[in-house]
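Participant: Protein chains in written order, with this note's numbering: chain A, -17 to 307; chain B, -17 to 307.
No distinction is drawn between identical chains; accordingly, a pair holds when it is met within one copy or between any pair of copies.
Simulated crosslink set (EDC-like; lysine to aspartate or glutamate; CA at most 16 angstroms straight-line):
1. K274 / D75
2. K273 / D75
3. K263 / E243
4. K14 / D288
Calculated directly from the structure, the hints in this document are not laboratory data.
Protein chains: 2
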Amino acid sequence: MRLVYYIGIDLGGSSVKAGIVTEQGTVVLKDKKPTRSKEGSDTIIRDIATLVEELLVASELDGQEVGGIGVGIPGAASKEGFVYFATNIFWTDIPLGETLGKMTGKPVFVANDATMAAVAEYRLGVTQQAANSVFLTLGTGLGGGIIINHQVYSGHHGIGTEVGHMTVGHNWDYDCTCGNNGCWETFASGTAMKNHAKKLLSQKTPSVLKEKTKDDPDHISIWHLFEGAKEGDEVCLQVVQRMTRYLAVGIANLINLFDPEIIALGGGISAASDFFLDELKLQVSERIYVKKMNLTRIEVSQLGNDAGIIGAAMYARDEERRNNL
Amino acid sequence: MRLVYYIGIDLGGSSVKAGIVTEQGTVVLKDKKPTRSKEGSDTIIRDIATLVEELLVASELDGQEVGGIGVGIPGAASKEGFVYFATNIFWTDIPLGETLGKMTGKPVFVANDATMAAVAEYRLGVTQQAANSVFLTLGTGLGGGIIINHQVYSGHHGIGTEVGHMTVGHNWDYDCTCGNNGCWETFASGTAMKNHAKKLLSQKTPSVLKEKTKDDPDHISIWHLFEGAKEGDEVCLQVVQRMTRYLAVGIANLINLFDPEIIALGGGISAASDFFLDELKLQVSERIYVKKMNLTRIEVSQLGNDAGIIGAAMYARDEERRNNL
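Bound conformation, chain A alone (with noise of 0.2 angstroms):
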């Protein structure tokens, strides 16, 4: 039996990360570019096909083994692969499909990089073949990705999935960069997390934070922040505490709506979750509508930095499959 393998794109605002894959999700080469966003769509699109050429070049596979390219952006596309928007590297309306597709000369497949995430968790990490899972990227802000009956749910325009520009309540600080106030991710995100610090710390809240940032709250980390809290810095503590309680409100809201088997947790702010997952599984559970059926489970994602790549591959690989069904 020939192997095929896929090409994993995962397009970041700082970096494009690209590999190979096997049809069973194992990275066999990976490589990266910075991401070059003030040249433009087509000197980005251009590195990407670089990218691809030199994997296969450095890898000794002739283009006939790869099935397909799939690429994450961080933005929304239609299944065809135009990119409506991907705000951080300033696209508006970029044919990436059938730009990309002409230069490699393979099928290419675009998608959220929240839906890749997803992909990767429900092919080999904590949401493994649960039929309904929603993934949640808490990095600098809050994205999602859906898993509906077993397939990919981007929405009917493939706009959809947009969990963090979910209005959860009224945010007193700040609003929302999308226009609107009291989005999820104005509570629940890195940015939101760092915003509050600096609130509480204008108010001449005594803190650690000033010692680890060198007074300039402009270098506040959520790593500071989850250091500090397990110091029992109070100002860190508050940030911690208001992102649990918005994280549990957004999952429960997610929760009656989707009723998933799993959500998990990934990006920045998951892996400091050792200090805060308790206490949000706790909150989840007393707001849920059905509290006596407190099932879907809140887990950590397992998969690293490959996730991208991977779920990218993954996805080119199933949408192949259908397409040739």
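Assemble the complex: chain A is given as a structure, and chain B must be docked to it using the hints.
Facilitator: What follows is chain B alone, placed relative to chain A:
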């Protein structure tokens, strides 16, 4: 070819409606009884079985021609028809499917009443053949039914689609009966509108409502509120405007999450939608995350009183066919 019929049951707080429905969704005969909630679930289930029997006799069908029975309940149930709860008829953990199945000798399929209404709209109404849609019942409370990829989606454990208990803000006036504050239905439902009107009246705001209700705030109906708003009454206008604003918040949330093809509005409030639909669509378009892709249609349901019966029968048809695959 032998004709097959399905029986649809709409179990509500005040009445049990039943109908014999063709495979195409036409009601050929229907009847109803009062819901004897206080006499317990056994009595109600026996009443349902009696209704079924009486309809079969009156229609001169023998049982052979009936493919199955669908029951819409005001609560949540497993796929096997085990009712976890149905608060306003005082049910907890009732094996409705099993009991009614034994009494009638027919396969019984149970789901939430809003889900059944969603199925009716999908088969014969405004969401007809849409792959992905959300149906909202804007009545005393706020219920929902979700169709994903042409199939009913009720969650992994059958307790999803509780849209009314999505937290969307802080409600300074009252907590939700579920124990949380800020549930969508405390802002956008008949109960929410009445409570808001009562509050404004208690602040001595002059209003035509006093005349319409003979100065008894407990007699306020949503019709009084919409009538008053059409007459330009300040209290009624405020009530309708706030309901519309929060309806837009929640619908934008659903679009950001599900990105459906259509969101259909049913229930008593939707009957007055000529008064707020344009404003609602405008506000939704301003709130959704991908503003340039304002593609989800917001439509008023087309089916009348029989939607519950028809939906339950069509649900039974679809589930029975799936089981026989």
